[in-house]
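*Asks:* Now for the letters of each chain:
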Amino acid sequence: MSTDDTSDAREQLLSLANQFYEQFEDGTVPSMEVPTRTKTNIEYDEDSGVWVYGDRTSTRSANSVRGAQKLLKATYAIDFLARQLEEGRSSTLRELYYLSESWDLDEAQFSSQDESNQLIEDLEIVSGVTREDFHMRPEESGATVMGPLEIREQTRRGEREIHCQEDVGEGGYQIPNNPDTIEFLDNDADFVLAVETGGMRDRLVENGFDEEYNALVVHLKGQPARATRRLTKRLHDELDLPVVVFTDGDPWSYRIYGSVAYGSIKSAHLSEYLATPEAQYVGIRPEDIVEYDLPTDPLSDSDVNALESELEDPRFQTEFWTEQIELQLDIEKKSEQQSLAARGLDFVTDTYLPERLTEMGVL
Amino acid sequence: MTSYQSRLGSGDGIAEELAEGQRAISIAEFFEKNKHMLGFDSGARGLVTAVKEAVDNSLDACEEAGILPDIYVELQDEGDYYRLIVEDNGPGITKEQIPKIFGKLLYGSRFHKREQARGQQGIGISAAVLYSQLTSGKPAKVTSRTQSRDEAQYFEVIVDTEENEPEISVEETTTWERPHGTRIELEMEANMRARQQLHDYITHTAVVNPHARIELKEPKAEFKYERATDQLPAETEEIRPHPHGVELGTLIKMGEETDSYSISGFVQEEFTRVGQKTADAIIDSFRDRHFGREMTWQTPQAHEDVAIEETVTEAVVNKGQEATADFADGVADTLTSHDRVAHHQVLEAVEAVGDEVQAEYGTTFGSTVRENAVEAAWGAITATRESDIYALVDEATTTRKDDAVVEAITERLAAKFEQGERHRVTRDDLRSFVDRAADMTEERDDATFGDTARENIVDALWETAALVPDDPPKIHDVAAERDTASELLDAMRAVDIMSPPTGCLAPITEDLVEKGLGKEYDADFFAAATRDASVHGGDPFIVEAGIAYGGDVESDGSAEVLRFANRVPLVYQRGACATTDVVKNINWRNYGLDQPGGSGVPNGPAVIMVHVASTNVPFTSESKDAIANVPEIEDEIELAIREAARELKSFLNKRRSMRQRREKQNKLATILPEMAQKLSGVTEREDLEIDNTMARIMNDVLVARERDGETVRLVVENNDDTNADPEITEIVDAEPAEVNGANVVEMDGEWFLKWSPTVSAGEQATLEYTLATDADPEVAVDGIEDEKLTVDA
Chain A
0 MSTDDTSDAR EQLLSLANQF YEQFEDGTVP SMEVPTRTKT NIEYDEDSGV
50 WVYGDRTSTR SANSVRGAQK LLKATYAIDF LARQLEEGRS STLRELYYLS
100 ESWDLDEAQF SSQDESNQLI EDLEIVSGVT REDFHMRPEE SGATVMGPLE
150 IREQTRRGER EIHCQEDVGE GGYQIPNNPD TIEFLDNDAD FVLAVETGGM
200 RDRLVENGFD EEYNALVVHL KGQPARATRR LTKRLHDELD LPVVVFTDGD
250 PWSYRIYGSV AYGSIKSAHL SEYLATPEAQ YVGIRPEDIV EYDLPTDPLS
300 DSDVNALESE LEDPRFQTEF WTEQIELQLD IEKKSEQQSL AARGLDFVTD
350 TYLPERLTEM GVL
Chain B
0 MTSYQSRLGS GDGIAEELAE GQRAISIAEF FEKNKHMLGF DSGARGLVTA
50 VKEAVDNSLD ACEEAGILPD IYVELQDEGD YYRLIVEDNG PGITKEQIPK
100 IFGKLLYGSR FHKREQARGQ QGIGISAAVL YSQLTSGKPA KVTSRTQSRD
150 EAQYFEVIVD TEENEPEISV EETTTWERPH GTRIELEMEA NMRARQQLHD
200 YITHTAVVNP HARIELKEPK AEFKYERATD QLPAETEEIR PHPHGVELGT
250 LIKMGEETDS YSISGFVQEE FTRVGQKTAD AIIDSFRDRH FGREMTWQTP
300 QAHEDVAIEE TVTEAVVNKG QEATADFADG VADTLTSHDR VAHHQVLEAV
350 EAVGDEVQAE YGTTFGSTVR ENAVEAAWGA ITATRESDIY ALVDEATTTR
400 KDDAVVEAIT ERLAAKFEQG ERHRVTRDDL RSFVDRAADM TEERDDATFG
450 DTARENIVDA LWETAALVPD DPPKIHDVAA ERDTASELLD AMRAVDIMSP
500 PTGCLAPITE DLVEKGLGKE YDADFFAAAT RDASVHGGDP FIVEAGIAYG
550 GDVESDGSAE VLRFANRVPL VYQRGACATT DVVKNINWRN YGLDQPGGSG
600 VPNGPAVIMV HVASTNVPFT SESKDAIANV PEIEDEIELA IREAARELKS
650 FLNKRRSMRQ RREKQNKLAT ILPEMAQKLS GVTEREDLEI DNTMARIMND
700 VLVARERDGE TVRLVVENND DTNADPEITE IVDAEPAEVN GANVVEMDGE
750 WFLKWSPTVS AGEQATLEYT LATDADPEVA VDGIEDEKLT VDA
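Protein chains in written order, with numbering that gives the first Met the number 0: chain A, 0 to 362; chain B, 0 to 792.
Note that these hints are calculated values from the structure, not bench results.
Using N, Cα and C, we set each Cβ at its ideal position, and we do this for glycine too.
Possibly wrong hints are sitting among the right ones.
To be verified - If you want a taste of the chain A side facing chain B, the calculated C-beta under 10 Å gives, among others:
(1) Asp25
(2) Ile77
(3) Ala81
(4) Leu104
Stated by the list, open to error - Straight-line distance between alpha carbons at most 27 Å, and here's what the computed BS3-like set of lysine-lysine pairs gives:
(5) Lys69/A <-> Lys518/B
(6) Lys653/B <-> Lys518/B
(7) Lys666/B <-> Lys69/A
(8) Lys69/A <-> Lys787/B
Unchecked claim - Here are a few chain B residues that sit away from chain A, every Cβ distance over 10 Å (derived from the structure):
(9) Asp76
(10) Thr160
(11) Pro299
(12) Glu410
(13) Glu631
(14) Thr669
(15) Ala675
(16) Ala694
(17) Thr757
(18) Glu762
Chain B extracted, bound-state conformation:
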């Protein structure tokens, strides 16, 4: 920024001199000097970042156009340089946009949108172009073909780092075999030392984008990642900010720029999830803060000494006896119909009754009379405020406070509400009244009022105070006054408002998280959890977690943690990421994983995946490598992981018990037959059949067939201690009869009889039907784990 400090000094030659050396630097120039912030700090990393930016852009472009992405990445070794080629089948970019998208930093369609997208600032791809240009001196070569065009556009672009403007060195039409799409070719000083990160990035991208097909060609190797689903991510829509997520500065700016007139209109127009009801709640809450509330007092009843009617009558002079009596009577009636009244209600009553009486008697009840009447009535009502406060304080404090103390504080509190005032207070005012009264009472009367007691008294008083009817100021006035704007912000935050709509977010969804993991990891078990949307700073976000376990997953060392933000893999700065912190702080031993020392990333053949989708993912830096430690996001990450981990736990438990069961079964399967055989030998009796005994020992579900002439009985015996719901299908090669409720389907001369009995623990069910004696049935049982099933048929 230019400085004019020298004006204060004597000579003005220095100022000019300094000013000459000072000039605005272009953003491109800034990033040229700070390329590490964008992830281009080394040749190894630069290559990964360039691939990442180009692929992210391609995926976004395809999805926006509703096209299943088909992305080709190629790296060519050019000696000291690498050539990076990224092609997609996206909608293509119009001729006018090409140079700007690739050649100008901060140009993008998303920066001002509240919508989930991979890129946000429009820095990434142009930074890659810039990096290539700085290291190789070569321009970026861009080919693009839009769906409607017969031919493609070819450009060579460089960034003018001083002006942040693209410069097009070559522009021509060309032919391209893709019907539509974009291809960018960058040459840069780079090396393949970060090959592992590159592969991680591509693999993880494939996991988190199961709808994409990706191909990676390296100088000496080629990898293909097929798509696992044809389902594109749900289309996202842009949303307005959420009232819980704006900051004061933003709110003031929005207030200044809005076309709305009232606060109500403003909050309904400019924010999401605010309708009339919520707007009213916000305004009530704003009134409480801006105007405060009016204390209400119990209305004296007619028989009491200072009845309203009498004092009002006294206050009215020269209005005729009948009119005065009617007026006083009317005011008194209106007010005593409420248990408690506030000052504004007295005003209303006097106004309404005054108008009535005035119309009826033709006598003018002018403002002086009315004011006198209000004062008189309010005086009568507030005369009893001490006993009012006593009742409230007594109710709000514990019974252990003795009467004298309650009376003492009551007296002091009542004194804060002066005779003749409107008794209008904010909650903060009330608290300071109570604090002062309590402090005094503590000092003078040897009592103690703890924080809870004070707060209870404040609550009791605030509860009885009435909302004021004053009209809130106009929104432009609110925006003009910083304190008022702050009151509005507080008011918005205090009101319960529905979470922002999630249409702006496209979670991968549990099913596809599992599919994505299943595509790249050959594991035994997959679990996924997609949380409901939540809000941080007015931006909705959704956290998803997935776990893959066992199978071919690398079992040495610690589990692999995959981090994603808006479907983009985060491969660097693992240690700085909120995701990693959360994973490390979970007690994985609870979920059956090995965790040396009880904290840290667990060990074993596991992949833990976390995806944070938001209209604005808070990153720790511009290079978007790590998610910042935002408590709301961390909480959701933890809940998502725990949800998936619970499934993992039950899988592991089950697997363990199944393994023990299998071991037992294997052991018994050698022991018992031997024993049976030995017994037959010793007793010289015939060989034994031991399946039933085995089934009973293993708590198995035993399905046995008995045939008695034409009657076939399938006996289902449940030896387990929980209900069994087997699906039993008997396949026979002759037509069965008297099938007793079985569902029978005939197919190519075979009959399928299907039963789905529920057999309670320790019970048995008999399924009976009739079949020709020479027919040959065959049974299939589903719905019971193999380990727990014994079929003797």
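Looking at chain A on its own, in the form it has when it is part of the complex:
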């Protein structure tokens, strides 16, 4: 949280405001251009190995009432953020949504939190500044890390040095909203294991998987928050640890892996900062469902649609994913991580993971 960043972020916001101002001054129609945020407009960046936005852009222009309203809200948001930065304060995305209720002009108020979130994304993209630098926080995601890692965190109440096994309870170390405030001190880790569900994380911790295999168990808590993805990337980049992702065997979980490894569609502008392209997928693979004869649920219609849509998603155009997704469409089944318990509570830690990780060359 350097002063430089703050004044730079503020500068960027004001330059956008100035752009609007000058458009009015010239008698032209105020507008701003942002990349189109759909899966058809993301492309693989060879240099960084992540997926970023393509050339297609959408224009937010005051030409229509809708467009004008968007720009009005953007102006109000810029005003708010500029002031927040000036005062050295921060707020959450949800607070911004509720805060808009206090704005005197009805037209400037957000109609849903999606709208305010999207606007913040727009501002991030246009200004090239992340929302963390606007001092906008997401809601507490509660994602945690457990493993042989010692860090130093700058908190509002001073610096804290924490060992992520010895200094924490069963719940592990909670990842702060801005993981860039963490400094890595020491570690004995061999790899990072990102786990989708809380139940599986607890099973791994109870079975002492982190200790036995020197694993940093990162709990993703469903679709991972930016902070979780950022920390994962830093663990990989700075500590040179391999990253593996362990999720349920269904299309939604593949997307969780996708956003860790390739970057998400909505935040493709931040892919370089958030994605870990080297992350590998452990399972559950559709192949595992067959191989281990796991208990299954049938695919629902929306599952099938999601799988088909993934077949067209540029991020999943690899041999591995095409094969796995087609297999799953073929067997019409999905399985949860915890279905491994059908083979005994220790099966996952004694058999499945060691086998898979050895296979992948991580162990």
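Knowing the structure of chain A, use the given hints to seat chain B on it.
*Replies:* Chain B in isolation, oriented as in the chain A frame:
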């Protein structure tokens, strides 16, 4: 009718007995028993009908005299009875006519005229008198004063229902404050249950007669309908019937009664729109039907085997070699100068050449010789008819017919034209020839001849057939022979004849339809359409439609449909009227009106008015409440309504887009200034001026003034995607100079500079002039809708 059937029987006492009980009933007596047919079926309705008949009469009387009608209607409640008083400022009625007009049914000036007028049969007002007399026992009280008279005439009249004759009970001179006019007072058993219809009638009359001033006084209320124009309806003139509109019976009657001698004279004299040319066309068309045409055949050329010259030479005997040779040569030359000849042309040729040769050589070419020569020449010409027909049939049928089939039908057709005959046929004869030949060919030669193919062959043959020169019969003979008369009627209908003149019609005209509606309905939009005159049954008619929309027009429920015939409102039997049928069958959704279920009278704040003006409006009944479903009239009603509805549609579309535009503008007018203000705050820069941005967003025409020393520039920027033609007037309080084409007018120390530039889409125009720096200009812009105009000056 008296019956003499009993004569056939034995005894004759019964006949006398029956005859005693049978007598002619008077028309008045008939209507007394059938008063519902005249619209007097109840006390409620009787009152409305009586008002209607009296007012219609008054309006007609005023218009005929070229007087702007001023009509006063009063209803007085007399307990069980109502007294109806109708006064007009018409020309008045002469003393002799008064009793007859009001007291005798079927007396009127219009029954025999082809002219547009409200009343036609002369039944209406006397029926009202009769009704009053039957229900109250009181006579009709009539006061009338003609323009030239110092005093008025007062009569009390009753109708003798047995004799259909008026009876005058009181007759005296009186004084009356109106300089001229007529007043009728009727007392009748009636009630005001049909008050709504009465008001409809009066209101609608006011709509359709914008030149009339009408006042209605009821026992407890009073209504005034002012006039909207001083323009009287165009004067109508009487016309003769149109050839397309007579029926056979009428035609025969006209033929019997005419003073004309020939058909040509008859059609020109007795019908409208028939001159010499049309008469000739009618007669040609009549000849085709009456006499038929003569088939023509190709003339053989000299080198062919059976050359005309040789056969004619052979046919002439004892006339000397040279004369014979000349004669034969002459006939052959005359005939071969045509490509095809008919029998009568051979006759003519032989006659002409015979006369010539006879004169030259002094040898008599008598009728026997000539007949022989004709026969010989005609024989030579018709010898090749089969190849002639082959060529025609081959041409007329599709290439898919194979040659053998064409030859087969040709052979059969050729056989119908026998050697030596004149080959005179009507089109019907031809068709039956072709049918028979085709049927046979189908049967024997396994071919098919569809209707189209047959008709094509008939057409081809008929085309080549020649008109005959025979004189048509005299008109009296035509009239005497029903079939011949029918041929004449067909002939008249087959000829294209100009529509009847419209001088006999007085449409309200589009402008006055709108004014009339505007007078009684406070609507946002008016449209009207007056169609060109058209004909039904020989009577010309004009349909007009008007639409009023929005404003204070009742918006609940369905639109109001106003029906008029010859400027008379029709208030009863709405469902039986052709007008209503047409309105219901139009898809009003196409025109922007709500129409539940896609048919029926549309919903919404609309008034739909239809006026049918004709020399003879076809009603469904004598009470004249509904227009009959005559296809020609229905078509025109539909076209008229659609024409007006199209205007309504574009108005509604425009209004919708203007409303959306206004909404957008209103929204933007709150959003953008706020945004601009916020931006000034955030950027800490001065306040913004956003008019130009607004104009650009709204595709507006922006007029902005720039001043540079003494130079004033008006910049007209068109942000729309169509051309703009604003009229820009700059008003200044000092004399301007170098006005660059502006039209300058000075008035009371103010100068008006006017420009009318055309600015293309996306372009701008600059209007420049010079003005003292301390002068204060003010701009006014016309020709651009307010919503689309931004003035920054």
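*Asks:* Where does the structure disagree with the numbered hints, that is, which hint numbers, in rising order?
*Replies:* Structure breaks hints 5, 14, 15 and 16.
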